[in-house]
Amino acid sequence: MVSKASRSGNGQQTGLSARFFQKLTSGVPGVLFVYWVSSERDSHRCPFISEHVQSLFGIEPSDLSDNADPIFAMIHPEDVDAVMESIRASADTLKTWSYRARLMLKHGGYEWFEVNAEPERQPDGSTLWFGQFHNIQHYKDLEQSLRESEAEFSFQAGFQRLIARLSTEFINLGFGTIDQCIDELLRSIGLFFKVDRAYLYCFTEDYSVMTNTHEWCRDGVPALIDTQQQVSIENFHWWQEQIEGMVSGSRVVFIEDVDRLPREAAPERALLQEQGVSSMFCVPIRVRGRVTGFFGVDSLRRRTWRLDQADLLIIVSGLLSGALERNRLEEELLNQSIRDPLTGLHNRRYLMPRLDEMLGRSNRRGERFALAIFDIDHFKKINDSIGHLGGDYILQRFADILVSQTRSMDVVARFGGEEFIVVFSAVEHGDVRQLVQRILEAVHEESFIFDDEEIPVTVSAGVAGIEEFVDRPATPDALIAGADYRLYLAKQAGRDCLVDVSGTLRI
Numbered sequence: 001m002v003s004k005a006s007r008s009g010n011g012q013q014t015g016l017s018a019r020f021f022q023k024l025t026s027g028v029p030g031v032l033f034v035y036w037v038s039s040e041r042d043s044h045r046c047p048f049i050s051e052h053v054q055s056l057f058g059i060e061p062s063d064l065s066d067n068a069d070p071i072f073a074m075i076h077p078e079d080v081d082a083v084m085e086s087i088r089a090s091a092d093t094l095k096t097w098s099y100r101a102r103l104m105l106k107h108g109g110y111e112w113f114e115v116n117a118e119p120e121r122q123p124d125g126s127t128l129w130f131g132q133f134h135n136i137q138h139y140k141d142l143e144q145s146l147r148e149s150e151a152e153f154s155f156q157a158g159f160q161r162l163i164a165r166l167s168t169e170f171i172n173l174g175f176g177t178i179d180q181c182i183d184e185l186l187r188s189i190g191l192f193f194k195v196d197r198a199y200l201y202c203f204t205e206d207y208s209v210m211t212n213t214h215e216w217c218r219d220g221v222p223a224l225i226d227t228q229q230q231v232s233i234e235n236f237h238w239w240q241e242q243i244e245g246m247v248s249g250s251r252v253v254f255i256e257d258v259d260r261l262p263r264e265a266a267p268e269r270a271l272l273q274e275q276g277v278s279s280m281f282c283v284p285i286r287v288r289g290r291v292t293g294f295f296g297v298d299s300l301r302r303r304t305w306r307l308d309q310a311d312l313l314i315i316v317s318g319l320l321s322g323a324l325e326r327n328r329l330e331e332e333l334l335n336q337s338i339r340d341p342l343t344g345l346h347n348r349r350y351l352m353p354r355l356d357e358m359l360g361r362s363n364r365r366g367e368r369f370a371l372a373i374f375d376i377d378h379f380k381k382i383n384d385s386i387g388h389l390g391g392d393y394i395l396q397r398f399a400d401i402l403v404s405q406t407r408s409m410d411v412v413a414r415f416g417g418e419e420f421i422v423v424f425s426a427v428e429h430g431d432v433r434q435l436v437q438r439i440l441e442a443v444h445e446e447s448f449i450f451d452d453e454e455i456p457v458t459v460s461a462g463v464a465g466i467e468e469f470v471d472r473p474a475t476p477d478a479l480i481a482g483a484d485y486r487l488y489l490a491k492q493a494g495r496d497c498l499v500d501v502s503g504t505l506r507i
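In my numbering, the protein residues as written are 1 to 507.
Incorrect hints may have been included.
[Unchecked claim] Distance condition first, Cα-Cα at most 30 Å in a straight line; then the derived DSS-like pairs of lysine-lysine:
#, residue 1, residue 2
1, Lys381, Lys491
2, Lys140, Lys106
3, Lys491, Lys380
4, Lys95, Lys140
5, Lys140, Lys194
To be clear, the hints were calculated from the coordinates, so they are not data collected in a lab.
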């Protein structure tokens with residue numbers, strides 16, 4: 001500790017020493033100092049501090065000779081406790097005091113400084129530190145820049161790996177797994193970009209209705225998909241303009257702040273606020289050159305988006321577009337292989353696996369179903385009289401009747417030539433007879449006109465139900481054989497009738 005006497009001493013000598021040290025330190029970068037703390041640690045001061053403290057912080061060196069509070073008042077509030085703890089640790093251990101903290105400069109604003117000082121215990125128990133502190137903001141800026149560069153490199157590398165993984169999954173996806181792959185993409189993108197929802201919507205042909213087909217939500221975030229089915233956008237005029245921008249210019253829709261949507265978007269703002277959305281991106285999805293929907297992400301909180309966020313989401317939408325286009329092509333190819341090209345009905349390739357599935361459900365759960373074979377009466381004569389084009393017309397019109405008179409849960413197939421099969425799901429025997437009768441009546445009521453000539457057409461039918469197979473195994477072939485035999489009986493009975501387990505029913 002520097003005693004009071006030694007501090008006062010010969011006034012002239014002390015003055016010369018102060019001027020000497022100030023001149024000596026004026027050429028040294030940073031602030032040189034001697035810092036003293038009492039043994040009780042209830043007072044502190046700077047017996048010496050270089051004049052840089054005035055140019056940096058606006059504090060006169062003499063203001064610190066009796067109390068160091070002014071310089072400590074410059075420390076950033078978040079750093080004060082840690083600085084004081086570092087001083088106590090150095091005083092206790094007499095190890096170098098080395099620390100970094102932010103100090104407020106003379107003209108405002110904080111910058112980083114680093115202190116390095118050696119402690120020395122005084123006879124009275126007080127502690128002196130001899131050292132300096134200097135501005136390290138340049139190094140902090142460089143460090144931050146390097147961290148940001150490293151973080152950006154890590155982000156870009158992570159995004160590339162993510163896209164590569166998802167691309168591989170889409171390339172290798174098996175037919176019928178497109179939904180699982182889309183769900184995984186939404187989950188992966190949602191977690192990577194730290195959003196709250198990621199989703200896919202599709203449009204109707206005229207862009208008047210949209211449907212949420214896939215959705216991922218962060219844990220604790222309510223799902224919206226059930227409320228977003230067949231949503232009419234008739235009253236959302238601002239959103240209609242955004243869709244037009246997607247369709248005509250592949251424009252990305254970015255809503256930075258839902259609360260600041262324009263006045264004309266009041267219905268859209270109300271809906272999004274009700275859904276808890278704060279900001280969102282929507283990117284168009286194109287399949288075969290046409291915008292069929294959009295991929296989007298929601299944030300339920302205010303956030304700062306990347307400047308290239310739209311570009312990154314466009315890459316994701318391109319991946320989705322390619323996968324959906326490939327899936328649509330595969331579906332078309334599959335439909336061509338399982339549908340009859342003349343009537344558009346399913347064919348045998350589709351029918352037989354469906355029968356196996358229905359038999360399996362019947363065995364496990366007791367589900368009832370029945371199979372009916374329909375045959376156009378005297379079809380060869382019709383072909384001979386009006387030609388094959390006329391015969392094709394009759395086949396197509398009868399196929400239309402079958403579709404119109406059956407339910408979506410039923411399977412309707414062209415079995416071959418002029419024979420058609422309908423598998424009626426979840427029906428009792430009496431109901432099947434009524435359904436088949438209705439089809440035969442519809443044929444009676446239909447006018448078959450080809451080349452301005454009305455062609456008389458009747459149909460015969462044979463029916464077999466799963467409940468009949470109690471003493472022998474039920475198989476697709478056995479069911480078809482049973483119905484085919486009854487079709488033969490219907491032909492023998494004069495045609496234009498149906499035969500089932502109860503006998504013949506003529507229309």
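Comparing the hints with the structure gives:
{"no.": "1", "hint": "Lys381 - Lys491", "verdict": "holds, 15 Å"}
{"no.": "2", "hint": "Lys140 - Lys106", "verdict": "holds, 20 Å"}
{"no.": "3", "hint": "Lys491 - Lys380", "verdict": "holds, 14 Å"}
{"no.": "4", "hint": "Lys95 - Lys140", "verdict": "holds, 25 Å"}
{"no.": "5", "hint": "Lys140 - Lys194", "verdict": "holds, 28 Å"}
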